[in-house]
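For the sequence shown, the positions run 1 to 494 when this note's numbering is used.
There may be inaccurate statements among the hints.
Think about it this way: if two alpha-carbon atoms lie no more than 30 Å apart in a straight line, the pair counts; the simulated DSBU-like pairs of lysine-lysine are [unchecked claim]:
1. K318 x K13
2. K13 x K363
3. K151 x K98
None of these hints come from the bench; they were simulated from the model. Just so it is clear, the structure is predicted and the values come from calculations on it, not from any experiment.
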Amino acid sequence: MEFINHTPFPAQKFAGVDQHNQEFHVVALRQTLSWDNDGALVYADEQLPLCEEDQVASGEDGGFVLQESDYCQFKPRCDIIVNATAYAPQGKATRWFKVRLVVKEPDIPAPLPPRPDGINQFVGPSQALLDDWHSEIAARRDTPGKLLVDKHLAISGPRSFRKHVWPLRIVATAVKVLSFGLLRIPTWRLTLPAPVLSVPINKTYAFGGECRINADQKAAARVARRNRLPPQQVSAQRAAEENQSVAIAIDAYEPNTAGRGFATQWYVNAMRLSSIPAPQIALSRSTLRASHFARALDGRLNSKTSSALVAGFGVRAKAHPARRILAGTIDDDFARGDAWLPDDFDFSVWNAAEPDQQIDFLKGDEIVELTNMCGIDTPAARVDEQGNTRLSLSLPRHECHLLLRLEGGEMFREPMVIDTLIVDPDHQRISIIWRLVVAKLDDEPLRAVETRMYTFDERDHIRKQIGNVQMHLQNIDTSTTAMGRKTENRLWHG
1 MEFINHTPFP AQKFAGVDQH NQEFHVVALR QTLSWDNDGA LVYADEQLPL CEEDQVASGE
61 DGGFVLQESD YCQFKPRCDI IVNATAYAPQ GKATRWFKVR LVVKEPDIPA PLPPRPDGIN
121 QFVGPSQALL DDWHSEIAAR RDTPGKLLVD KHLAISGPRS FRKHVWPLRI VATAVKVLSF
181 GLLRIPTWRL TLPAPVLSVP INKTYAFGGE CRINADQKAA ARVARRNRLP PQQVSAQRAA
241 EENQSVAIAI DAYEPNTAGR GFATQWYVNA MRLSSIPAPQ IALSRSTLRA SHFARALDGR
301 LNSKTSSALV AGFGVRAKAH PARRILAGTI DDDFARGDAW LPDDFDFSVW NAAEPDQQID
361 FLKGDEIVEL TNMCGIDTPA ARVDEQGNTR LSLSLPRHEC HLLLRLEGGE MFREPMVIDT
421 LIVDPDHQRI SIIWRLVVAK LDDEPLRAVE TRMYTFDERD HIRKQIGNVQ MHLQNIDTST
481 TAMGRKTENR LWHG
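Make the full structure from the sequences, and use the hints.
Set out below in structure tokens:
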């Protein structure tokens, strides 16, 4: 089968298979856009290639995924992903501020009232009627577009979980012992945030983290045996990672191992910590409390029920318990079988965005609005009455589609869907990934697959032309049928 890309954008066809071993064709196409001072999205001179593998952020604050591979087979919904930095309003350092992500459909224009007529064809409408008509036009209001995503986050300056002074800790221990654990006095507190100008909105600044002590650390001698990894696991590490530090004790907050604020008691004791950095990103100012940290210390923080503590606009880790389970049951029966995927595999596992950022497939004319997620000097950014920096971008009203040619000569057109939108205001870039899945049928093999793109106006014009042709053919068919019936009647009745 031949694959022809008639667009200037990177595109690729590859094979897919579902949990029933049914094979299918997949075509993915990636567009890279930027914007000017008016906020109009334009195609960038440099088009980024399809992402071949998960892209992990590097550097001091790395360890989280910026984007996942475009070579996934199918996404049931559209991922909205924003990799951005939060900027304090008016460029003034503050302890707390909010950011907001909005994705919505365009407003529906209100219909124009009909122009008034005169008393007859020779006399125009009076000036009073015209004035009323103009007033009606001025008073009309467009119908607001449907909100697809409306998400707020609370951003804070640097803060930490800090141990109370030792007399209070002694009292807290006594109360816990005497009440048989029924009463607990917090021994850690959450400090007030320091003023901040900007905070990267990524998973390293959200709640989570990993507690790891390596064999070559001094703290390793202070880790109790019950908290250590089994000897066979340590030996396996040494065999697999000859030049790597070997962990002798490790624990992690599964919904977000890259975050901060999670710690266990054995780790705090071994590392002799009295202060631990706290998250700077939350769903609201009251979402995270010192009690969450205390429950983590005692091993009472359930990663499934507490995953709402992990806030952000980026990729949800594949190791997240709620996402990982979508991959299905991988047991001995599956390992011994010849199926490509488990029976209970769910293609939703390929949706990488947070659940509240997974929406129906985009059409290509939606509006993206960011609040306090770009600098004041960013092209098209505007400062509102409250001092917040707002950026509004409209998708360019283009549609990508496939022209499918069968071996038998038939051909048909199938529109692609947008299943991933990645917004990167720091680099003044938006990436749109289009995808389409086509069934692979032995009795109707494909001869060629072609990617094409039209503006909405061009698409609608072509649809209108096709509709006219179909109507014309239908009329011809109706006339032919009527003539045939008349002839048949004449034959029957002489």
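Status of each hint after checking the structure:
1. K318 x K13: Between K318 and K13 the Cα gap is close to 25 Å, so the pair holds against 30 Å.
2. K13 x K363: 21 Å, holds
3. K151 x K98: Given pair K151, K98 holds - Cα atoms ~10 Å apart, limit 30 Å.
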